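S.K.: Take these sequences, add in the hints, and give me the full structure.
Residue numbers 1 to 57, in full-length UniProt numbering, belong to the letters of the sequence shown in order.
Please note: incorrect hints may appear among the correct ones.
Taking lysine-lysine pairs in the DSSO-like style, the calculated list, with each CA pair at most 27 Å apart, reads [said to hold, decoys possible]:
id : residue 1 : residue 2
1  : Lys13     : Lys29
2  : Lys31     : Lys44
3  : Lys13     : Lys30
4  : Lys38     : Lys21
5  : Lys21     : Lys37
6  : Lys44     : Lys30
7  : Lys29     : Lys44
Just so you know, these hints were derived from the structure itself, not from any lab.
These numbers come from a predicted model, not from an experiment.
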Amino acid sequence: MASAQVLPNALRKQEHLEAGKRRLEEFRKKKAAERAKKLHPQTKLMLLMLSNMRNIF
1 MASAQVLPNA
11 LRKQEHLEAG
21 KRRLEEFRKK
31 KAAERAKKLH
41 PQTKLMLLML
51 SNMRNIF
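M.R.: Structure below.
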């Protein structure tokens, strides 16, 4: 008998789905970081000020 463990279809599909979600989230974070680098410094300051104002109110 082979010692390889075969996962049920439902479990394999779930793992595949979760891996896809992780890859998508990593992709989104990477793209957001790239967009943030391209922003003008004054725009970055304005966004920072707006986010701080939301925390106050």
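S.K.: If a hint holds in the structure, say so; if it doesn't, say that too.
M.R.: Hints and how they fare:
no. : hint             : in the structure
1   : Lys13 with Lys29 : holds, 24 Å
2   : Lys31 with Lys44 : holds, 16 Å
3   : Lys13 with Lys30 : holds, 26 Å
4   : Lys38 with Lys21 : holds, 26 Å
5   : Lys21 with Lys37 : holds, 24 Å
6   : Lys44 with Lys30 : holds, 17 Å
7   : Lys29 with Lys44 : holds, 17 Å
The earlier numbered hints are all upheld by this structure, with none contradicted.
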